[in-house]
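Could you slot chain B onto chain A? The hints should help.
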Amino acid sequence: MKRKLKIYLPFVNAGMQEVATYRVNWIFFMLGEALSCFVTYFIWAAVYSSGDKESMNGFTMPQMIVYIVLMFLTGTIIASDGAYVVGEEIRDGSIIMRMIKPVSYNATFLFQELGNKLPTEIAIAAPMIITVEVIRTMISGVLQFNALSLILYLFSCALAYLISFYFNICFGFTAFVIKYLWGANMMKNVVVGFLSGAVVPLSFLPGVLEKVFLFLPFASLNYTPVMIYMGKYTGAQLLYYIGLQVFWVLFFFGLSKLLWRISVKRLSSQGG
Amino acid sequence: MKNIKRMLRIHRIFMAQEFKRMMEYKGDFIVGIIGFFLVQLSNLMFLWIIFGQIPDLAGWSVNEVVFIYGMSLIPKGIDHFFFDNLWSVGYFIVRKGDFDKYLTRPVNTYFHVLVEKIQIDALGELIMGIALVCVSAPGIRADWDAFRVLAFIAVIPFVTLIFTGVKTITASVAFWAKRSGNVIYMFYMFSDFAKYPTTVYNRLVQNVITYIIPFALTSYFPALFILKGENPLFNLGMPVLASAVLMGAGIMVWHKGIRAYESAGS
Chain A
1 MKRKLKIYLP
11 FVNAGMQEVA
21 TYRVNWIFFM
31 LGEALSCFVT
41 YFIWAAVYSS
51 GDKESMNGFT
61 MPQMIVYIVL
71 MFLTGTIIAS
81 DGAYVVGEEI
91 RDGSIIMRMI
101 KPVSYNATFL
111 FQELGNKLPT
121 EIAIAAPMII
131 TVEVIRTMIS
141 GVLQFNALSL
151 ILYLFSCALA
161 YLISFYFNIC
171 FGFTAFVIKY
181 LWGANMMKNV
191 VVGFLSGAVV
201 PLSFLPGVLE
211 KVFLFLPFAS
221 LNYTPVMIYM
231 GKYTGAQLLY
241 YIGLQVFWVL
251 FFFGLSKLLW
261 RISVKRLSSQ
271 GG
Chain B
273 MKNIKRMLRI
283 HRIFMAQEFK
293 RMMEYKGDFI
303 VGIIGFFLVQ
313 LSNLMFLWII
323 FGQIPDLAGW
333 SVNEVVFIYG
343 MSLIPKGIDH
353 FFFDNLWSVG
363 YFIVRKGDFD
373 KYLTRPVNTY
383 FHVLVEKIQI
393 DALGELIMGI
403 ALVCVSAPGI
413 RADWDAFRVL
423 AFIAVIPFVT
433 LIFTGVKTIT
443 ASVAFWAKRS
453 GNVIYMFYMF
463 SDFAKYPTTV
473 YNRLVQNVIT
483 YIIPFALTSY
493 FPALFILKGE
503 NPLFNLGMPV
513 LASAVLMGAG
523 IMVWHKGIRA
533 YESAGS
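In order, the protein sequence lines correspond to chains A and B. Read in our numbering, the first sequence has 243 at position 243, and its numbers run on one by one without any break. Throughout, our numbering is defined as the position within the second sequence, counted from one, plus 272.
Keep in mind that a hint or two might mislead.
[Said to hold, decoys possible] Taking beta-carbon pairs under 7 Å as the criterion, some of the chain A residues facing chain B (in silico):
id, residue
1, 28
2, 29
3, 35
4, 46
5, 47
6, 51
7, 79
8, 180
Rather than coming from a laboratory, the hints here were simulated on the basis of the structure. Think of the CB as a built atom: it goes at the ideal place given N, C-alpha and C, for glycine as much as any other residue.
Chain A with its partners taken away, still in its complex shape (with noise of 0.2 Å):
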């Protein structure tokens, strides 16, 4: 265990180093992505007043503002760049370069990226976190602040990233087959987004979509979260949705692991 983390702790230093030096590229992305959440939040707002009903779904207007904000947050947490670092290492070649080491092809990635997020993260979760609460005391007027619900929260989040980590890697196998990686992540991130309760919140969808998209592992991804987060699911309902998360992420990091045996089988690499 101790040899491991000496192994691999450098590699979140190294993430680190690099957010460093992209800071200031990565405030404007962060401001740009903001951006569709101020849409979101006026169209709600639009759909809130005109029609007569103060709960549509089980959200108020202001749960709603609440679901948007965490929805963002939880986004950014969970976020993994594998499929495009896979993707590109399987295009160019270079991902022969991880197979002669002596390290986890999947762990140097996790590392990596945990010290990517670790600064970014922290630097973003405070101040939204307190948003939230701030709105929701400004709104109904006594703190509803929960210290057990933040404490679950982050830890579904962390199940949610470890999901969307593996899923991301076992994506980026598509490139054997797809190579336009900007274009299938895309579509990737479209797709996920819209199952995961990104676009709207998936108790708006019909009954049975309702159903099937809860048990998929997207809703395990930010809507599990935030659902906790607001305090909407309880009891043995918070028990199933994270064992749900806990099932869906041994089932990818399977999946990355059996990927990545058939991918070394059928490699061939350009000029590497």
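Structure of chain B alone, referenced to chain A:
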């Protein structure tokens, strides 16, 4: 005149080259088109779901909202199709020092960058935009006459240049800052506001997207004219004026930037 003829000829040659490249990677362009198509489809699902809850959105009917949505995709798609190369300037051409290439060629650098590539993915947006406009138009009660429709079509090239102008100004930042891909991205994302009727936003946002980063002029205001026949001077005049200002500013900043460009260190 001779100059324009030469530029058109160069444009044609570059286009032909691009088509050859695309034919080489057929799979790619299908993936790209489907990708952008899916993005729009997901947004339409969103519209469909919210209209399941309410009869109209802040006074706008489904058809009107879809019309404005489709309208916003048309200029976006055209700009995306022809002038996508500006993103590469911001993301890597300047940073890697590859911009040297354009400086050594006997054509205007800006023109060269613009015509060098076309982006077939954009058809996903463009086709969807045209389809949505055509599908929603019959359901809207408006006095369509030939003049309105022609004016509407005539304004499309101008509003397209609003996209190109914003991209040009922000891409030029790379000449000083080495990379500006995400700066382009941030300002380009303001076009998301153009997808819906501007009246759903608050006053501040309305002013920003009308006068400062004027993407509302690319869809909402021209649509206001064609749907309601209101105030042609503002609804059509402003987009034309804005496109001239942004393109003028863009070309100026670009050429100032080239003087600041100092290739890559290695």
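Among the hints numbered above, which are violated by the structure, and what are their numbers in rising order?
Those not satisfied come down to hint 7.
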